[in-house]
Amino acid sequence: MKLIDEAFGRGAKFLSEHESKKFLAGYGIMVTEERVVSTEEEAMTAASKIGYPVALKASGEEFSHKTELGLIVLNLKNKGEVRTAFRRLTSRQDVSVKEALVQQMVEGDRELVVGLTRDPQFGPCVMFGLGGVLTEILEDVTFRVAPLSKRDAMEMMNDIRAKKILDTFRGKPPVDRDALADILIAVGRIGMEVDKVREIDINPLKITNGKPVAVDALVVLEHESPAKKA
Amino acid sequence: MNLSKLFNPRSIAIFGASNREQHPGYMMLCSLKRCGFKGTVYPVNPGKGEILGFKAYESIDQIADDYIDLAIVVVAPSAVLSVMEQVARRKIPFVVLVTAGFRELGTTGGIRLESDIKEVAQKGGIRFVGPNCLGVYSSDSGMAFFPDQEPSDGNMALVSQSGSQAVILYRLARARGIPFNKMVSSGNEADLECVDFLDYFSKDPKVNVITAYIEGVRAGRRFVEVGRNVSLHKPVIVFKVGGTAAGGRAASSHTGAMSGTDAIWKSVLRQTGMISTGSVSELLDIALGFSLISEPIGRRVAIMGGPGGSSVISADACERYGLEVASLEADTTSRLRDILPPVGTSIQNPIDMGFGAVADGIYEEVLRVVNADRNVDVVLALGGAPTFAGKSYIRIEEFAEEVIASKPFLTKPLFTVVPHISQTQHAINMLAGGGIPVFSEPDHAANAIAKMAVYYECLEKRPM
Chain A
1 MKLIDEAFGR GAKFLSEHES KKFLAGYGIM VTEERVVSTE EEAMTAASKI
51 GYPVALKASG EEFSHKTELG LIVLNLKNKG EVRTAFRRLT SRQDVSVKEA
101 LVQQMVEGDR ELVVGLTRDP QFGPCVMFGL GGVLTEILED VTFRVAPLSK
151 RDAMEMMNDI RAKKILDTFR GKPPVDRDAL ADILIAVGRI GMEVDKVREI
201 DINPLKITNG KPVAVDALVV LEHESPAKKA
Chain B
1001 MNLSKLFNPR SIAIFGASNR EQHPGYMMLC SLKRCGFKGT VYPVNPGKGE
1051 ILGFKAYESI DQIADDYIDL AIVVVAPSAV LSVMEQVARR KIPFVVLVTA
1101 GFRELGTTGG IRLESDIKEV AQKGGIRFVG PNCLGVYSSD SGMAFFPDQE
1151 PSDGNMALVS QSGSQAVILY RLARARGIPF NKMVSSGNEA DLECVDFLDY
1201 FSKDPKVNVI TAYIEGVRAG RRFVEVGRNV SLHKPVIVFK VGGTAAGGRA
1251 ASSHTGAMSG TDAIWKSVLR QTGMISTGSV SELLDIALGF SLISEPIGRR
1301 VAIMGGPGGS SVISADACER YGLEVASLEA DTTSRLRDIL PPVGTSIQNP
1351 IDMGFGAVAD GIYEEVLRVV NADRNVDVVL ALGGAPTFAG KSYIRIEEFA
1401 EEVIASKPFL TKPLFTVVPH ISQTQHAINM LAGGGIPVFS EPDHAANAIA
1451 KMAVYYECLE KRPM
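Quick note, the sequences are listed as chains A and B, same order.
Sequence positions in the first sequence follow this note's numbering and run 1 to 230.
Sequence positions in the second sequence follow this note's numbering and run 1001 to 1464.
Treat the hints with care, since some could be wrong.
Reference excerpt, derived from the structure (chain B facing chain A, CB under 7 Å, subset only) [as the list claims (entries may be wrong)]:
#1 G1220
#2 R1221
#3 V1224
#4 V1226
#5 H1254
#6 T1255
#7 G1256
#8 S1259
#9 I1264
#10 Q1271
#11 H1420
#12 Q1423
#13 H1426
Quick caveat, the hints were computed from the structure, so don't treat them as lab data.
Cβ coordinates follow ideal geometry from the N, Cα and C atoms, glycine included.
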């Protein structure tokens, strides 16, 4: 894929959040509506177009873990807030932020995680589980070796301890399991087809009207020589 | 790949056969003799005329037999290559390479030696087990790797990456009345791997249940593919050990950080329909279930027994493992009311037979009633009556006799629980010999039933 090849050619270790989402969208994965901006005016225009409330994040392949650096501002409700947030973000002394991502806010309490890893023995494996900030603490995740069948994807959903989160939850409709399965299968396909992608994190995958949407994504690129296929 | 000559060779040559008792070569010879290997055994060892009653030969060239299908090699590491070359020249198709001192050392020397052996074997058309292994036990051909192994009427198979665990499992299985039919201690798996044996066992008509002790696999994707197919035909029960965090490069993503060996293996076993166990005794619990019961297992359990506390524990355990404590039909409870004393018993599930358990024939009667209940998939019978009168400790032998006498009319799978102590050993042997699974406590039984039920549910969903 051109996106991957270009980033690879530049020697980039990751795709930026925006590029990661573009790449995933190419595989049919629903992502947030968003735009990359480099000025206040662009930020405000983008926010109006997308519709309030919006989130503002530092954009660039160097920002792979934004929360830790405080590079995310959520719930901006009007132009003024967007302008202020943009100014603050781009005038940070500790990090140089040239571009920002203006992104639709996705409501909903449920956060899932979907990922891809390359196991030295089993090859590309898809991960699914409970996402959000507690992901690595709760470790409520499960794996399947790619390629995934529909059956594999559906079974994964019943593996996790928190599986009831996929049912009706706090008055919200149940998760569209077919749509979720498609995402898991698609990530498996990427693992099988795109050697240059080493790892993928989609966290959080939020649920809106039952549909899963990638709210943040990270694609890690593979620069070492390909591991021997087992 | 046809491994039948490995498990049923016409003649065996043993290189490094020794007459010193401590030597593994001696042990191999002794094992074959004691197990009654049906073919001819040729010890090859310069300077010995005869070992353990077998005529010994200076070299393989002196042996005129055209049907040597297997060579067991127990010589020093430095001598292995030359022996393999002799085996190749002689066109012996299979080798069990017992000798240790190769890849498992982790040294460059050890690793290189192992790959040299692979090369010689490949060029010579030899398939081999090991190195650093004990090799093959096969009941039907009388092959053994440990002197206490004998022929059996079992239907289980084991592939183990540890020799010691294979020896232990042989014993434990015997003690529980469910012998193995075949075992392979596969060692370093430089050539033939765990997955090759899973495949072989899946096609072996003598094997109904496959068990595996695994520390790691090299060709993971092949393992997944083969494992998936094998599970469709026979239950594969795995005890996987040796999990560590993902080795190699540091993870750059959360996904990478969480995909440790254990986590991935747990999922791989689920994905392939193989059954995961956490101990040798659990592995045997479930193997026992599948070995003795060939019908599908459902989730609705009827619990019945003399020891009241045990029936409560059983109900608890069943629920914990995702089984259903069945609601008995009205007809069942009313018949139970007629059979059991009115006080100190329970005619609802879990059925507590109380002092009623001391009566002759009572277990058979209750079994007959419970078996007929349409809400019941599986029966769990707890042995023991509150008395020390009678033939045996807590009437355990009477229990065993009645359960076995019930077998002809039972249409539902039956599992039993008998505390495992010296006084109950005879009853346990009777039950196992009579084809009835027996567990030492309710928890183990409930776990086995649950894992068997899951296996059958998976089968239903998968296409054949």
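Against the structure, the hints come out as follows:
With a least beta-carbon distance of about 3 Å to chain A, the hint placing B/G1220 at the interface is held under the 7 Å criterion. A least Cβ separation of about 5 Å between B/R1221 and chain A falls short of the 7 Å threshold, and the interface hint therefore holds. A distance limit of 7 Å between C-beta atoms decides the matter here; for B/V1224 the minimum to chain A is near 5 Å, and the interface restraint holds. Among the interface hints, the one on B/V1226 is violated; its C-beta lies about 12 Å from the nearest C-beta in chain A, farther than the 7 Å criterion.
Checking B/H1254 against chain A: minimum C-beta separation of about 5 Å stays under 7 Å; hint holds. Annotation: interface hint on B/T1255 holds; nearest CB of chain A at approximately 3 Å, less than 7 Å. Because the beta carbon of B/G1256 sits about 5 Å from the nearest beta carbon in chain A, less than 7 Å, this interface hint is met. Among the interface hints, the one on B/S1259 holds; its C-beta lies about 4 Å from the nearest C-beta in chain A, closer than the 7 Å criterion.
Nearest Cβ of chain A to the Cβ of B/I1264: about 5 Å, under the 7 Å cut. The hint holds. A least Cβ separation of about 5 Å between B/Q1271 and chain A falls short of the 7 Å threshold, and the interface hint therefore holds. Against a cut-off of 7 Å between C-beta atoms, the interface hint on B/H1420 is violated, since the closest Cβ of chain A lies about 33 Å away. A least Cβ separation of about 42 Å between B/Q1423 and chain A goes past the 7 Å threshold, and the interface hint is therefore violated.
Contact between B/H1426 and chain A, as hinted, is not supported at the beta carbon level, the nearest pair being about 43 Å apart and thus beyond 7 Å.
The structure is inconsistent with the numbered hints 4, 11, 12, 13, although it conforms to all the rest.
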